[in-house]
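**Student:** Start from the sequences and build out the full structure, keeping to the hints where you can.
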Amino acid sequence: MIRAIALKEFRQYWRDGRFVTVFGIVVALGLAATLAGWSAVSAMERERAAAVATDREIWDNQGLKNPHSAAHFSRYAFQPTFNLAVFDPGLTDYVGNAIWLEAHYRDPAALRPIEDAVEIQRIAQLNPAWVIQVFGPLLIFVLLYGAVAGERESGTLRQLLAAGVRPVSLLLGKAVSAFSLTGLLVFGVLLGSAFLMSADGIERLPDTGLRTVGLIALYLVYLAIFVFVALGVSSLSARSRTALAALVGIWIVATILGPRIGPDVAGALAPAPPAHEFAARLQQESSDPFWGSSEEAVERRQAVMDDVLDAYGVETIEELPINYDGHLLQESEEFANDVFDALYDELWGSYERQRAVARAFALLSPTIAVQHVSMALAGTDIHAYRHFADEAEGFRREFVLLLNQEMIDHGGADGYAYVSGNDFWRQNPDFAYTAPGIGDAIRGVRGDVLILLLWLAAAVALAAAGARRGFLAEVAA
Amino acid sequence: MLEARKLTKSFGDVRALQSLNVRIGAGEGLCLLGANGAGKTTTINLFLAFLEPTSGSALVNGQDVQRDPIGSKRHLAYIPEQVALYPSLTGLENLEFLAELSGHRDYGADDLFRFLERAGLDSVAAFRRVAEYSKGMRQKVAIAAALARRASAFLLDEPLSGLDPKAANEFTEVLGGLRSEGAAVLLATHDIFRARELGTTIGIMRSGELVDQLDPASVTAAELEKIYLAHMRGVSGAGGST
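Those protein sequences? They're chains A and B, same order as listed.
Sequential numbering from 11 applies to the first sequence in the numbering used here.
Sequential numbering from -18 applies to the second sequence in the numbering used here.
Don't read these hints as lab results, they were simulated from the structure.
Treat the hints with care, since some could be wrong.
The calculated label-pair distances, taken between Cβ atoms and stated as ranges, are [said to hold, decoys possible]:
| hint | chain 1 | residue 1 | chain 2 | residue 2 | range |
| --- | --- | --- | --- | --- | --- |
| 1 | A | 457 | B | 91 | 20 to 26 Å |
| 2 | A | 208 | B | 92 | 47 to 53 Å |
| 3 | B | 87 | A | 41 | 53 to 59 Å |
| 4 | A | 373 | B | 2 | 35 to 41 Å |
| 5 | B | 199 | A | 251 | 41 to 47 Å |
| 6 | A | 248 | B | 199 | 43 to 49 Å |
| 7 | B | 162 | A | 263 | 57 to 63 Å |
| 8 | B | 211 | A | 468 | 58 to 64 Å |
| 9 | B | 0 | A | 262 | 28 to 34 Å |
Note that the Cβ used here is the ideal one computed from N, Cα and C, for glycine as well.
**Tutor:** Quick look at the structure:
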């Protein structure tokens, strides 16, 4: 019976030019977004490869230089734009994809593609995930607004019930037809993305297969929510026009307003420090207490000197078998690193609080929750960025230590006059980044997954209520 | 077989149907005549299990419709005044869908055409979209659907209303044929002349009560009209129960 109803629905969709037109537009948008995503990721990866090579070449050929001066000159950590960013670029364009690894300072990421975007791109970024998130529900609502209300208006509902069709069979038949069509959109877009993602020159994210399966499951759950919402609203509406008006309202709130307002409110309720203030604090709290002229800074430097003299059992710096300036610089690094850890923990904490507020808005808009999970699976969310930034910071510390150690070990009494050459630079390692696996990626979005499942349960309950109340009203008419 | 046993339905203080006792066996037809609100449609809704009786029971082929509302409809055909079909589908596609709903996925195109032909719809019309159909043509599809589901009991709610004389005559002939082949028919109508042609019994309803039952063979159309009008005026002993 469900099969018969679903096939009948397919036939009607096909005969109705409106459905064919809307479906065609959404599929075309999805494919265009997929191509645009592939093009953007390919371009970013080409640029990254060129930048990595240039960075290495400049480093290798900087000539004679004091290692600590080289640490100031330093290098960049470039974040790869992984394959799944073709499907969901998430925060890729906003967080920056290169971090300068200089001594004494933990820099935020630079080179944000959004800074180069034209105005319209800042308003709406066309990508496959966004097309499904926004147009998938719209397509479902267009397909289903008259699912029950239309049958009621035309009189066919009464006849179907008289023919012994169970309300639940009717709803499931309608659900299967709309779900299959919109599911095709998900599969089409994801398969198109997968094909393009496998192109040469695009780095593969760990667990890409599992992540892709996760994305398919995620978006099928997401679309199922809207299928059941549409069926519930259509069942409870006396007329299909009323159902359409209600569903358009739900669509606007869920997919347009919610994802816009949620992050704005989150930013207001849990503000992150402004970039310039944060940078100033980093500079001030990591540098002045060590290098400044305050009593505290002088004592700190004196303690470093006393400790090293004790350690080597000598009376003066000149007697030390190591380069004391290099040692002092490394000590200042260790001091600053603790400050960076504390301040960046605060910063990440503010982002987490913002995310928690935004997650509360997901109770009004499942699109917010699906965005969080989708970005996590695609490796383009704030956690993925933090993982990269932390890894880059770890490398920076090791790299600066390597350079300072060169000065400490080989600088002797030359102080800042000690220089290394290209032979040394060419031995220095590159930053190699490995993104986390799927387990780490989704750890931060378990709450969002739970909210989506709650939405699904609520939507099914709404459809069930529609089947009871809406159909009872029909037969009693 | 359709049977009502002391079937009663009240809406609050309003008694829509009062202790209806009828039995329509195979090959029999009961035509219910009555004004609007007399209880004809309520009777049909009770047989369809769309309404729960206040007391009594409605049975289709011996099954209580309240106990098994889905199973009791398996061999039941319902044809309302306005047959609603899917306008973007052809008559053939509508029939195919309705046949599948009744569990008959095994019908081929020949079978479906045969049902349509028997219902009086030609094969050219079967390929046209229902949006272009007249009311009579839609009713033919509904009858074909009843044939496809091998219905043994028919509930018809004012099916002749609004049909042109030719279409009404064709409908009457087809339905008469079905009845003579063993179908039990319950027809609610205002048309006392067609009621005589279609029924083996004519029931007159007033204010939820079956106030008279007549053998159509024993009365002329003019006499039936006179009896009916007398009942509508509330004259007691107007009829001649048979």
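**Student:** Next, verify each hint and record whether it holds.
**Tutor:** Checked hints:
1. In this structure, residue 457 (chain A) and residue 91 (chain B) break the distance hint of 20 to 26 Å, their C-beta atoms being roughly 59 Å apart.
2. Look at residue 208 (chain A) against residue 92 (chain B): about 50 Å separates their beta carbons, and that is inside 47 to 53 Å.
3. The given range of 53 to 59 Å is broken by residue 87 (chain B) and residue 41 (chain A), whose C-beta atoms sit roughly 41 Å from each other.
4. At roughly 57 Å, the beta-carbon separation of residue 373 (chain A) and residue 2 (chain B) lies outside the given 35 to 41 Å, and the hint is violated.
5. The hinted window of 41 to 47 Å between residue 199 (chain B) and residue 251 (chain A) is violated, with their beta carbons roughly 53 Å apart.
6. Look at residue 248 (chain A) against residue 199 (chain B): about 47 Å separates their beta carbons, and that is inside 43 to 49 Å.
7. Distance hint check: the CB atoms of residue 162 (chain B) and residue 263 (chain A) are about 58 Å apart, consistent with the given range 57 to 63 Å.
8. For the pair residue 211 (chain B) and residue 468 (chain A), the beta carbons lie near 60 Å from each other, so the given range of 58 to 64 Å is met.
9. About 55 Å separates the C-beta atoms of residue 0 (chain B) and residue 262 (chain A), a value inconsistent with the hinted range of 28 to 34 Å.
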